[in-house]
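A.B. asks: Chain residues, written in single-letter form:
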Amino acid sequence: MSQTEKTGRRQRRSGAVLLEFLGSMNLAITLLVAIAIASVVGTVLQQNEPYNNYIMKFGPFWFEVFKSLGLFDIYAAPWFLLLLGFLLISTSVCVYRNTPAIIRDMRHFRLGVQEKSLRAFHHRDEWRSPDPAAPLADTLAKRLRRHGYRVRHRQFEGYQMVAAMRGGTSRLGYILSHLSIVVICIGGLLDGNLPLRLAEWRGELKVETRDLAVSQIPPESTLGTDNSSFRGSVTIPEGSRADFVFLGMRDGYLLQKLPFTVALEAFRIEHYPSGMPKSFESDLVIIDEARGEPLRKTIAVNHPWVYKGYAIYQSSFSDGGSRLQLQAWPLDRPATEPLRIDAVVNESSRLSTPRGEYGLEIIDFKPFNVFPVEEAGSKKFNNYGPSVVFKLRAANGEAREYVNYQMPLMVEGRPFLLSGMRATPAEEYRYLHIPLDSDGGIKRFLRFLALAQEKGRISQVAHQQALNELGLTEADPLYRDFTSSMSSLVGLFVEHGIDALVELAEKNVPEEKRNEALSSYIKVVQGVLGTLYVELLREEGVDVAAGIDEQQALYFDEVLNAFSLLGPYGSPLLLRLQQYEHVEASGLQITRAPGQNIVYLGCVMLMAGVFFMFYLHHRRLWLRIEEREGQTHILFAAAAHRERGDFDSEFARLRGDLRHSSSAVLSRI
Amino acid sequence: MSVTTETLSHEFDTTPFLRRLSVLDWLWALLVVAGTVAAHRLYSEWMDGYEVGILYGSAAALVWLGWGWKPMRGFSVAVALLSLAAIGLYGGELARGESNFFLKFLISSQSAIMWMSALYVMATVTYIFALIAGSGFSGKVASAMTWSASVMGSVGLMVRWRESYLMGADIGHIPVSNLYEVFILFAVMTALLYLTYERRYNNRAIGAFVLTVISAAVGFILWYAFEREAHHIQPLVPALQSYWMKIHVPANFVGYGAFALAAMLGVAYLLMERRPDGLLARRLPTLEVLDDIMYKAIALGFAFFTVATVLGAMWAAEAWGGYWSWDPKETWALIVWLNYAAWLHLRLTKGWRGKPLAWWAIVGLFVTLFAFVGVNMFLSGLHSYGSL
Ligand code: HEM
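In the order they appear, the protein sequences are chains A and B.
Convert by adding 346 to the 1-based position in the first sequence; the result is the number in this note's numbering.
Convert by adding 724 to the 1-based position in the second sequence; the result is the number in this note's numbering.
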């Protein structure tokens, strides 16, 4: 034997071994389980978040490890694709190896099967009949046909052979369902973003992570209209248009150009009484130069518009740059007239305040806010009117987020203006409740705040209390201590809130006396501010000769509560919405998926195949009919592909029927 | 020995299926068609073309089910009559649910669901008693209870459907839209699947196992209603307002129900296998039969789950703009599907039948459970409608 022949055979053998391995059931099961487990990881770990979130969650070391494993975008990680690829190959090999045999099996009746083999079948029976063989074979063949079998009948030398089968389509089910996996994978591959990833890998494409205006996005992050499959999104404000979408990629995006322009004429949204969106829809116009006439159509959730293979979906909505007119009261000089600020949602502006320059970023605006309220045991919904969410960014870069509600909130029958604050989006809002005047304004609150900030007025009150209540004289050494600590307590409280008093007590007083000290601090502050409050009322022309009434007392407590939170509130300004012009934006998703129909074809094959495999059973029957010693001997044998419990009873029924039809004389030879 | 031809001849009727149907069968078909046409004419205002298609498709499926599995007919008639009674008693006013005696205590959706819950739990106890005592009579009582519970559960869902429209035409929707509603569907579906096998294999011992998992679901339903007030009908978010929901969700729950059934058979298998001559071995079918039923349940579940996942993908393509987004719920559906695909293949490889597969089916239930409850509880994504 020559050398080349040997290696040839060895190659063939190792090729066969490879095929065997790739098409083996064990590999298939391993792959199915491995893909399932990998998929779990991708659902437990939120995918494609900004990288900073991961760094915060896992720390820099594990972040790097996970990133290099592709865990943040697992379904596009090379190793995951490799697993899918293996499944694809394994299934293909499996189909390739089994199909010829299956087709043969489906078509051939196996008339030539030997008597000896028939006798070895588990399901078999024999009996005798007085009828001659040839007509009997015809009768029995007919009988089997009536049972739904396809039948072949052939005369051999000395005996008749009837072979029948049924449910061969179940074997087709195997081919259909397994081939469908290949078809679905191919369709999915066409719609996936593998080409983009390859382009990125070759350095032709760069994912943009900066927040740029569309016109500034560099060409290496822009895709032309020749990209055949993508899934992107774009937000279009009412009255605007776009001829692009953004494709999210890991922690950044790419700009995808469209061959037409989409304009949003109007956006409509309806709500349930609970404030939950009931439906939303967009009146769109497509302006396509290749067409001329603009096209109009309204899309809604679950009702997309497919144009030239591009499908446009209604996916979300947001503020499209509502124009707001705000009033701002500097909290450090509350007596002055409010500033007027004109702002636009999603834009930022600069404000100069007594505490320095601030950046004002308007994040969101809602024309109404509905919350459930429990009333007499039943749930009702209240509308709290418009709200504005904004950020104030100090010069040092520190920012806090605020949400201001426009309409008063009633707490135990008394009206408050509500403003929430949080330092990071991960926190819950903490709310400042500003009590409202009887006319619904905040003038009195601001005047009171101005008074409380006036050092002179406070010293004056302190002076009077020292003289009148403690009977001190100005010459008394205690006088100075008393008045100055009084002023500083009130100043601390108004500027930094109750926390400052707690801190003071912690610093100056031993632990066991702290509570006592704190309550005396509070009493002092209450006393001074109470005096100022009475003076304020008197200045407003309220008759306080007979003391103040309950409402006014409540108001005082509420103001004190608000003052105590002003410090942590941390804003130099109090903003209130005055007017607005609502502009909505529609969030569209635009996709191009040329593989979709291939995937659907695969799905249909899969469903049909699975049902064929489970609910049709491939069964074969043979009747060997032979005349011997004046009698006709019948040998009946049957086989079912992967025998199931049910075949026993079917076989029993068939046997009974055939015996009956052949006027069987003996049950068994 | 010669076999008399007469004794055998009745057994192998070869007349074609349609001609084998009795007058009763045709009456049944007529009844279903008449009811469907009536429903179509009455409610066509609320249906689009697809939904009309689904209505007639379901009618055809029901006729076919009733022909193939006769008890389905009595069951459907009972559900229909009670539901119609409730609709009649409501007469267009939701408030009558509080004032009318029958509605308040029997067939308003919430009452019917409470009856369902009580009956399933009682059936569980009775099945267990029947299993231990070997009492055939108790077994029959347990079956009757299971049937009644399933009737009440189905009535609860039907009436809830109506109630949602009484709350407001724009709120009305088929009650398969949140976790509370689908848990009821799950209980009913699992019970009905079980009842088919009970009849086919003429064995009620399995009921003790299957009804246990249904009782667990009932426990969840009660907790969810009383602790979380989840039984209030909520309007639908826009993404769910689609005819797809009507086919996607029920198909899914045939799958879930079948998988749960298979898992409980796995439990029965393992317990019986440990004591080959114990009580269970005397009451349950043989291990081979248990294995076979488990296989059939998983095959059925797998087939329907495949359909449901495909329908889900098609719906996703219409609602979210992509047939596959690796959304957690989608991904978990794939995981469940891969898991049972592996199970089916494992069964074809040598040496894995029996114990390992029974264990795998039990583990499969937990995987399934996570896909259907856990995802909503722990993971967020596009499917976040049914959060706890
Ligand atoms: C996602 C991938 C796959 C799915 C969903 C799938 C699904 C199925 C299903 C449902 C059955 C029927 C089992 C039964 O009747 O009990 C089956 C049978 C089978 N599968 Fe797969 N399969 C997959 C991949 C593979 C692969 C990679 C192989 C290669 C070894 C394979 C080989 C087989 C074989 C040989 C049968 C038996 C067919 C018969 O004799 O009728 N399958 N498959």
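None of these hints come from the bench; they were simulated from the model.
Owing to the predicted nature of the structure, the values given are computational and were not obtained by experimental measurement.
Heads up, some of the hints might be wrong.
Chain A regions said to be covered by chain B (calculated; three or more residues, Cβ under 8 Å) [said to hold, decoys possible]:
hint, segment
1, 624-636
2, 653-663
3, 790-804
4, 847-860
Note that the Cβ used here is the ideal one computed from N, Cα and C, for glycine as well.
A.B. asks: None of the hints should be skipped; say for each whether it holds.
C.D. replies: Taking the hints in turn, this is what the structure says about them:
1. Coverage of a stretch by a chain is defined here by at least three residues with a beta carbon nearer than 8 Å to that chain's beta carbons; for the segment 624-636 of chain A and chain B the count is 3, and the condition holds.
2. As drawn, the segment 653-663 of chain A meets chain B at 3 residues by the rule of a beta-carbon pair under 8 Å; at three or more, the given contact holds.
3. Counting residues of the segment 790-804 of chain A whose CB lies closer than 8 Å to any CB of chain B gives 0, which falls below the minimum of 3, so the coverage claim is violated.
4. Only when three residues or more bring their CB closer than 8 Å to a CB of chain B does the claim for the segment 847-860 of chain A stand; here the count is 0, and the claim is violated.
Consistency with the previously given hints fails for numbers 3, 4, ordered from lowest to highest.
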